[in-house]
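*Asks:* Respectively, the protein sequence lines represent chains W and U.
With the working numbering, letter number 285 in the first sequence gets 285, and the count goes up by one each step, no holes.
With the working numbering, letter number 208 in the second sequence gets 208, and the count goes up by one each step, no holes.
These aren't lab readings, by the way, just hints derived from the structure by calculation.
Rough simulated footprint, nothing fancy, chain W against chain U, three-plus residues with beta-carbon under 8 Å: (1) 201 to 212; (2) 238 to 250.
Negatives, chain U to chain W, calculated, CB over 12 Å: (3) A29; (4) G58; (5) G60; (6) A95; (7) H105; (8) V110; (9) T111; (10) E132; (11) P169; (12) F170; (13) F256; (14) R285.
Quick caveat: nothing in here was measured; it's all calculated off a predicted structure.
Using N, Cα and C, we set each Cβ at its ideal position, and we do this for glycine too.
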Amino acid sequence: MRWMLLGTVAVLALLASVVLGPAAVPLSELGRSDIVWNLRAPRAVLAFLVGGSLGVAGAGLQALVRNPLADPFLLGLSGGAGLGAVIALALHLTGPWVLPLAAFAGALAALGLVYRMGLVGGAALDPRILLLGGVAVGAFAAAITTAIVSLADAAELRNAFLWLWGGLSAASWDSVLLLVLYAPVPLAVLLAAARPLDLLALGEEPARYLGADVEAVKRRVYLAASLLTAAAVAVSGVIGFVGLVVPHIARLAWGHRHRSLLPAAFIGGGALLAIADTLARTVVAPRELPVGVVTALIGVPVFALLLRRWTIA
Amino acid sequence: MRRLLLWSLLLVACRPSGRPAAGPALTDAAGRTVPLAPPARRIVSLLPSFTEILFAIGAGDHLVGRTAWCDYPPAARAVPSVGDGMPPNVEAVAARKPDLVVLYHSGPNVTAAGQLARLGIPGVLLDLNRLEDLAPAARALGRLTGREAAAESLAAAMDSLAARPPPPPFTSIVFVVWDNPPIIIGRGSYLHQLAALAGARNVFDDVTVPSAQVSLETIAARNPEWVAVLSDSAAPPAFAARREWRAVRAVRDRRFLLLAGSLFGRPGPRSSQAVAELRARLEGRGVAPR
Chain W
1 MRWMLLGTVA
11 VLALLASVVL
21 GPAAVPLSEL
31 GRSDIVWNLR
41 APRAVLAFLV
51 GGSLGVAGAG
61 LQALVRNPLA
71 DPFLLGLSGG
81 AGLGAVIALA
91 LHLTGPWVLP
101 LAAFAGALAA
111 LGLVYRMGLV
121 GGAALDPRIL
131 LLGGVAVGAF
141 AAAITTAIVS
151 LADAAELRNA
161 FLWLWGGLSA
171 ASWDSVLLLV
181 LYAPVPLAVL
191 LAAARPLDLL
201 ALGEEPARYL
211 GADVEAVKRR
221 VYLAASLLTA
231 AAVAVSGVIG
241 FVGLVVPHIA
251 RLAWGHRHRS
261 LLPAAFIGGG
271 ALLAIADTLA
281 RTVVAPRELP
291 VGVVTALIGV
301 PVFALLLRRW
311 TIA
Chain U
1 MRRLLLWSLL
11 LVACRPSGRP
21 AAGPALTDAA
31 GRTVPLAPPA
41 RRIVSLLPSF
51 TEILFAIGAG
61 DHLVGRTAWC
71 DYPPAARAVP
81 SVGDGMPPNV
91 EAVAARKPDL
101 VVLYHSGPNV
111 TAAGQLARLG
121 IPGVLLDLNR
131 LEDLAPAARA
141 LGRLTGREAA
151 AESLAAAMDS
161 LAARPPPPPF
171 TSIVFVVWDN
181 PPIIIGRGSY
191 LHQLAALAGA
201 RNVFDDVTVP
211 SAQVSLETIA
221 ARNPEWVAVL
231 SDSAAPPAFA
241 ARREWRAVRA
251 VRDRRFLLLA
261 GSLFGRPGPR
271 SSQAVAELRA
281 RLEGRGVAPR
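In isolation and in its complexed conformation, chain U is listed as follows (with noise of 0.2 Å):
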């Protein structure tokens, strides 16, 4: 026990307190201190809405690494791929020699990016769960690439997007994560807040987590218009054969929303134009499957 405690004291001595302020810094949203001087030009981007950002405040050409998952803008995928980051292959990441590691700020990646640390390469963990979490990100990856100007316009532009009062619904909708057990989409969102912005209800706006398991009587129950899937496939999904769930009436009138995961399943630069084509397909003005 004691020698436990020494060890620990030991560790906690030895452990970086926060790099000395030897210039201007940034505090992440795991609380960690990253360095923005100079100005990052060799970045691993560990999620796809971070490496849209990155194009879309001109940062992309220095991007050095992305995960498989980041296929946008198309310039995206010419940056050579380290894998699907969930955990994050700390090994490939090094490998590219980076001077900025980007992590979407979860358990994993907090353990991955301390692992990075050791290894001296800045990482930066930032929340990007919500709309609301567009901005910030927008504005701290402008910092660190030294892009501040059109990170600060991109972050506008989000922000007012986050702001914008939803329109009055005209329609209903489910998100449908999964289908056995039935795993819904609840208040907590991203998806939510896309279709309060399109004019439909979620059928499930009191469950108020991100996701949850429901029971089919439920969602049969609550009748929603629609039946949202996020699916990169024209066919309806396999579970719209099964008897069972015929008894939720969108899936008799098979109104299935086939959303493409790319567009409609991150918060992004393009949030906006899914708010939009959402909207024009929930007014039956379908856009053309691409």
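Chain W on its own, in the form it takes in the complex (with noise of 0.2 Å):
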């Protein structure tokens, strides 16, 4: 019942962000249509993919650091990624794919550098480590971003905020195509490590005791999250709320094994995503909004319904 609803809202969303939109395009020209075919459809797909991998990432994040308050973007990622997109500008590299590909790199060494923070000892990974050091690396990549954007004397380079909080402007079947061949991976191992994860909810000694390779999975959540949100950040920017809010609604209806959790996180992070940036294109046209903005505007309300249930409870 409650994935047959969930598989209708997730339809319903993609449906109405390939008919909706700024510009008017008659229902029995919907199938010809450039504009739609060239790129409100791939923008439609690419919001689901990335609404989806957001909703994922942030599940396993929150299972890994046993923080609800954990979502994709705190680890360090969108500071690396921007900080990237900056670089890249202020040595004018000029081509189409190149501030995706130099946020994706600031953010792979963002990761990378958090990573290796959070390997206490050199071998095993501690959450805590992890949530403080990705603020940490954070902060300190905006440092630099803030002060390349203020030394440098390119105009072009404050317009890197801009990009980096870009939504989806820049969708087209090319960056679905690499989000399809690259996300599988990641999300394959995130929901391979669903019953581990599970037992991780119950502490790490207990989960231990009853068979977990505990600091395996740990590496395995932590990496395959990263890569998923570095991916996204690529080709979409910093998009809040979304890997914060859906796992904590996904959690509500289908409790907290993962098996499940996981791809209900998927289908409603993609479905809400979704019907944002039709949001986002449709209720201030011809103008648009940012679409970190809607998921916002629905994701707090929520969010709030969802702590006071949670404190009368």
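Relying on the hints, combine the two individually framed chains into one complex.
*Replies:* Here's what the structure looks like:
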């Protein structure tokens, strides 16, 4: 029943984002329209894939660090991605894919740094250090970014921040294809870790007694979730709240079993971002809202309601 | 709370409530009073447009500081730079020992003008967003430098340009300021005025603000004949090679107008030249890129 409902919402969200848009395209010409086929459709699919990836990454990280506040962007990746993009602009690298690649490289560098900090004593991954290290690396990267932007005289650099919060404007079948080829591996790694993640919720010691290879699971989950997030930031910039809110909503309906929680977070995150992007494109047309504004406007009230339910219960 | 109140009362009491009317004075765009006499002889200009106006009215010799962006006329480059001016480096400005600082009227610059005032350096804040701001700015700078006659003839030319009825449009254009997310120029902007006077309809003339984020599909659906980009390079912008931008016909057909920022990006004494060059390029009478 709840799967049916979620599936229906997802299909409707995708349909809406293809049918609705600021440009008037008659329903009869939907299949033949260049705008629908080359702009709306890839954008809808990309929104779904990015939202889904962020939802799963958030669910995985929340289980890993056993902290309900964990968001895929909390672990320094947005800072690293922004630094990568600004360095590319400062070096005057040009090309259609320079910014996404540079942002991806920056996110990977931040990921590696945080991972290294989290490996206490070189072996065990400490989730608390991951959180603190992520915040520290993110702040450091942001400081370097701001220093470069304020010292360099290219006005273009100031636009790097626009790009970092860019949303899904750059969606094309190329970026969809990239994500379709890339995302299944980390998604599969996370899904395969569903059972150990359930055990990890009990605490590391109990999980170990129950037979989970805790260290390997922690490493795999952190790397897979971060790699998903790094790809998301490369194709769509930083989109907040999806990775934070969606796992919590999914947990309400599907409980704490990751075998169903993770797929639900994927479909739910995808549907949420597709809906948010449709709203971003249409409500103030011909102007457009940054999609992060819409995800926050939807996500925060939902989150507030959830918090109330928790505190009452 | 009471102490806070007391402090703010004290601050209000200490604030110079406009200079005592010792002589003729000018009220600037921020409502501040700037003394007119004696005429300014050591001027720091913190906007390329002001630098151009000062040179155009014959006060260029009195410039002792400019921004890193002030590149016209060529003589301006000989004036020491005080940085990019965004926001102004107050110490670098003060080090030029100016008797007048000309600032663009914006929030950070109001703060900077206040800081300069506390150092005893008069600053004047002027609006310069659209064509119709040029004549008042020229007149104000003429009065401040004692070059009223030259300023008046420049102002008259600027007034007539601003009042010129736009010709019937023969083509259409979109100004792309940034590609991801796409940010375009709306009716509130100087570039919109340039395009209109050159005979091009801005396809985003329903956007009343100077610039706004829009969806790529709106640009594609409005189908402008030209995509204009402020750029000092002769190469098409990087987004020209991106697949999603090829949904815009003008991008597919590579109908880009690459407009040099120095001439097209700022209102100034050369605005009528910018209109004429833009018209020539829209008509396909290409002006050789310099």
